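Novice: Residue numbers (our numbering), protein chains in the order written: chain A, 1 to 113; chain B, 1001 to 1112.
The reader is advised that the hints may include incorrect statements.
To be verified - Under the rule of at most 20 Å between Cα atoms (straight-line distance), these lysine to aspartate or glutamate pairs were calculated in the EDC-like manner: (1) K1052/B <-> D1002/B; (2) K55/A <-> D38/A; (3) K57/A <-> D38/A; (4) K57/A <-> E79/A; (5) K1077/B <-> E1008/B; (6) K1068/B <-> E1042/B; (7) K1052/B <-> D1094/B; (8) K70/A <-> D26/A; (9) K57/A <-> D26/A; (10) K53/A <-> E79/A; (11) K55/A <-> D1096/B; (12) K1068/B <-> D1094/B; (13) K57/A <-> D1002/B; (14) K57/A <-> D1094/B; (15) K53/A <-> E30/A; (16) K3/A <-> E1042/B; (17) K57/A <-> D1096/B; (18) K55/A <-> E1069/B.
Stated by the list, open to error - Rough simulated footprint, nothing fancy, chain A against chain B, three-plus residues with beta-carbon under 8 Å: (19) 1039 to 1045; (20) 1095 to 1105.
Treat the hints as calculated values from the structure; they're not laboratory data. If you're wondering where the values come from, they're calculated on a predicted model, not measured in any experiment. Quick reminder that beta carbons are idealized off the backbone N, C-alpha and C, glycines included.
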Amino acid sequence: DVKVTQSSRYLVKRTGEKVFLECVQDMDHENMFWYRQDPGLGLRLIYFSYDVKMKEKGDIPEGYSVSREKKERFSLILESASTNQTSMYLCASSLPPRGAEAFFGQGTRLTVV
Amino acid sequence: GDSVTQMEGPVTLSEEAFLTINCTYTATGYPSLFWYVQYPGEGLQLLLKATKADDKGSNKGFEATYRKETTSFHLEKGSVQVSDSAVYFCALSDQDGNQFYFGTGTSLTVIP
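Chain A with its partners taken away, still in its complex shape (with noise of 0.2 Å):
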């Protein structure tokens, strides 16, 4: 089975911290994404990547970068954090074939203090 692993559950970080959220899948998927999830605002895209070292923005990129420097893995990285950043955070990967669904990570819950 594919595995989306993020490398954390729950992080709470004051305001003005750099923080950084690890994703890592095991199945070669050229495609990652993230995403985050805020109540009646359902998923909205941060920033997704295609292969190594590629990035491009997504809906709401303000305030976040992202680094792929392995297949692998998929930082996002919030560079001064905010309140308004406080969120949960979802990290997909797939495969670029149509019609394969996207994996998703257990999710990343985030307060910002």
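We have chain A; now place chain B onto it with these hints.
Specialist: Frame of chain A; chain B shown alone:
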């Protein structure tokens, strides 16, 4: 652009009731369609999918049929259980399979 619209929640049903969660989509070309389920505190899990018109996806008693003429992919289950309580997301991937679009989710609570 591509998008998904699904029924607003929350939905509360008694055990053994019939469930329908409506989902419609807007897309160019030939998208693939998915239903995901999210249990409390967890990530999303694939429930079922369909990749072409008139395909029916099914799993764990849930079904959905890809209707191109009505651009719909409604989720149904004939008899819900308490363990089905979760948030359900309708989603599509574009015809290249490189991008996913999600609905806002529908929260389902099943009471005994």
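Novice: If any of the earlier hints don't hold here, list their numbers in rising order.
Specialist: 2, 6, 9, 18
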